[in-house]
Amino acid sequence: MNQFLKQCRGILGNKLPKLIVLGNESCDLDSAVCCLCLAFNLAKNPGIIKSLTTCHNPVLPVLNVTREELPLKTEVVHFLRSNQVDLADLVCRDEVELPEGQSETKFVLVDHHVSRFRRNVVAVVDHRPFDGNSGLEGGTYKFIEQVGSCATLVTKLMEQVDLCKEVTEDNAEVLRLLYGAIVLDTVNFSAEADRARPLDHEMAALIERSLGVADSGAYRKQLFDELVAKRSDVSSLDSLQILSKDLKIVSKNGITVAIPGYPILVQEYIKLVGVEENLRKFAVKTNSNVIVLMGMKVTDGSVQRDLGIININNEKLHREILNKLTSSVSPDFAFKKHDHVTMEGSFFEQCNVRVTRKHLLPLVTNVVDGFGSSV
Numbered sequence: 001m002n003q004f005l006k007q008c009r010g011i012l013g014n015k016l017p018k019l020i021v022l023g024n025e026s027c028d029l030d031s032a033v034c035c036l037c038l039a040f041n042l043a044k045n046p047g048i049i050k051s052l053t054t055c056h057n058p059v060l061p062v063l064n065v066t067r068e069e070l071p072l073k074t075e076v077v078h079f080l081r082s083n084q085v086d087l088a089d090l091v092c093r094d095e096v097e098l099p100e101g102q103s104e105t106k107f108v109l110v111d112h113h114v115s116r117f118r119r120n121v122v123a124v125v126d127h128r129p130f131d132g133n134s135g136l137e138g139g140t141y142k143f144i145e146q147v148g149s150c151a152t153l154v155t156k157l158m159e160q161v162d163l164c165k166e167v168t169e170d171n172a173e174v175l176r177l178l179y180g181a182i183v184l185d186t187v188n189f190s191a192e193a194d195r196a197r198p199l200d201h202e203m204a205a206l207i208e209r210s211l212g213v214a215d216s217g218a219y220r221k222q223l224f225d226e227l228v229a230k231r232s233d234v235s236s237l238d239s240l241q242i243l244s245k246d247l248k249i250v251s252k253n254g255i256t257v258a259i260p261g262y263p264i265l266v267q268e269y270i271k272l273v274g275v276e277e278n279l280r281k282f283a284v285k286t287n288s289n290v291i292v293l294m295g296m297k298v299t300d301g302s303v304q305r306d307l308g309i310i311n312i313n314n315e316k317l318h319r320e321i322l323n324k325l326t327s328s329v330s331p332d333f334a335f336k337k338h339d340h341v342t343m344e345g346s347f348f349e350q351c352n353v354r355v356t357r358k359h360l361l362p363l364v365t366n367v368v369d370g371f372g373s374s375v
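All residue numbers for the sequence shown refer to UniProt numbering, where the first residue is 1 and numbers rise by one.
The set of hints was computed from the structure by calculation and includes no laboratory data. Please note that a few of the clues may not be correct.
As the list claims (entries may be wrong) - Below, in silico cross-link-like pairs of lysine-lysine (DSS-like), each with a Cα-Cα straight-line distance of 27 Å or less:
| id | residue 1 | residue 2 |
| --- | --- | --- |
| 1 | K50 | K230 |
| 2 | K165 | K230 |
| 3 | K142 | K106 |
| 4 | K358 | K106 |
| 5 | K248 | K271 |
| 6 | K336 | K271 |
| 7 | K297 | K248 |
| 8 | K230 | K297 |
| 9 | K271 | K337 |
| 10 | K156 | K50 |
| 11 | K271 | K285 |
| 12 | K358 | K316 |
| 13 | K358 | K221 |
| 14 | K336 | K358 |
| 15 | K156 | K142 |
| 16 | K316 | K336 |
| 17 | K106 | K248 |
| 18 | K271 | K297 |
| 19 | K281 | K252 |
| 20 | K316 | K285 |
| 21 | K6 | K50 |
| 22 | K271 | K281 |
| 23 | K297 | K221 |
| 24 | K106 | K50 |
Every value quoted in this text rests on a predicted model; they were computed, and no experiment measured them.
Build out the structure end to end from the sequences listed, making use of the hints.
Okay, here's the thing in C-alpha cells:
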C-alpha cells in the first residue's frame, strides 16, 4: 500500500488525465478506507470493475478533506497509522486539481454518489439509497446496495474476482483495513443499532477466514472498542474543530445547511467552552443558514443519539427543517424534546437509535430543494 501511495504522490505534478477515486466529504473511516483500498485494487486489477478495463489513466485515491482537516479524523489517523500507512503519502483534495467541467480525468465515487463532478464520473460504489436526482450519466457503473458499510461492497468486488482466495501480503493489508471499517460502521454488528445486513456478516466472515482469525467475537470487540475510543477522543479538539470532524453539507440555490456529526452527545457538546461563538464562526466558514447537530455516544455496545437544530439567519428554513424531521414517520426519529438549549435552537433526544444521518440527509435535502425553488 505505501509503495502504491508513494507512486500516487509522484503523479500529482503531471498534467496527464487521471482516474480519481474520491471518498465522501465526511472522510470517516469507511470512506477513507474504501477510497484507498478500491484505488489500490483498481491499479493492480482493473477488472475489479469490468467497465473500467479500457481506462488506462493512472489511478489516484483522494481523501475528500483538506490536509489541515485530516488530523480531525482521529480514528482514521489512528487506524491507518496502526496499519503502517504513511499519512504523508496520502493525497487530500486540496493537493490535486479536481475538474468539474468536461475532462479526460475521470472519477470513481466511493461512499457517496451525488457529486459536483458528476459529468466525469464513470463508476460509483455506495451503500446509500440511490438518489434519482444525482445526475449521473446513463452508462455509469453503479454498485449501490444498502448495507452497513461501504467497505463491505469493496470486499465483495474483491471476492468477485477471486482476490480473497489466495491472500498475499498486499491483500492482507487491504482486508485488514476494510475489516476495521465494517466492524466500526455496523457498530460491531449490534442488533440494537441494526446497521449490519447479511452481506456485512458474509464479507466480515470471509475476511476473518482469509486472515486466519481464530476467535472472531473477541477480535471484533477488541477492534471495535479501540476504534470507538479513538473516534470519541476529542480531547485535543476545541468546539470549533469538533464541528468539522464529520461534516455533511446540503446546499442549493444559495441555501446551505451544515450537518456535523460527532462522537459525543449534542447535550455534552453545547456545554463546551466557547460553543456559541464557535458555532457562529463555523456558520460563517461554511456559509450556513441552519446547522443540524447530530450526536452519538457508544458505551459498551449501547448507542445513544441526540440532535439539535440551530437557526443562524433563516428562521423560515429552520422551521421547515424542524417540521420535516419531527413529523417524519419513515424514518421515525422518536424525538423527545430537551429543555437544555443554546442559541434558541431546538434540541431532542433521539429514541430511535437506528436512524442515522444517512436517513436524515434526504429529508433535509428535500426541504432545501423545495425551499430554494420557492424563494
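Would the hint linking K336 and K358 be met if the CA-CA limit is 27 Å? Roughly 20 Å between the alpha carbons, so the hint for K336 and K358 holds.
Between K248 and K271, is the straight-line Cα distance small enough, at 27 Å or below? 23 Å, holds
(message) Please verify whether K156 and K142 have alpha carbons no more than 27 Å apart.
(response) Holds: K156 and K142 sit about 14 Å apart, inside 27 Å.
Q. Given the hinted pair K230 and K297, is their alpha-carbon gap at most 27 Å?
A. Cα-Cα ~13 Å, so holds.
Taken at face value, is the distance from the CA of K221 to the CA of K358 at most 27 Å?
Satisfied, since the Cα-Cα distance of roughly 24 Å is no more than 27 Å.
Quick one, are K271 and K285 close enough, alpha carbons at most 27 Å? At roughly 22 Å apart (the allowed maximum being 27 Å), K285 and K271 satisfy the hint.
query = Holds or violated: K336 with K271, Cα cutoff 27 Å?
reply = Holds, at about 19 Å.
Satisfaction of hint between K50 and K106, Cα-Cα up to 27 Å: 15 Å, holds
27 Å limit on alpha-carbon distance, applied to hinted pair K50 and K230
Violated, because 37 Å separates the two Cα atoms, which is more than 27 Å.
Next item on the list: Please work out if K316 and K336 have their alpha carbons no farther apart than 27 Å.
Entry: The hint holds at about 22 Å.
Given the hint that K271 pairs with K281, does the C-alpha gap stay at or below 27 Å? 17 Å, holds
### Query
Within 27 Å, alpha carbon to alpha carbon, are K271 and K337?
17 Å, holds
In terms of the numbered hints stated before, the structure departs from hints 1, 2, listed from lowest to highest.
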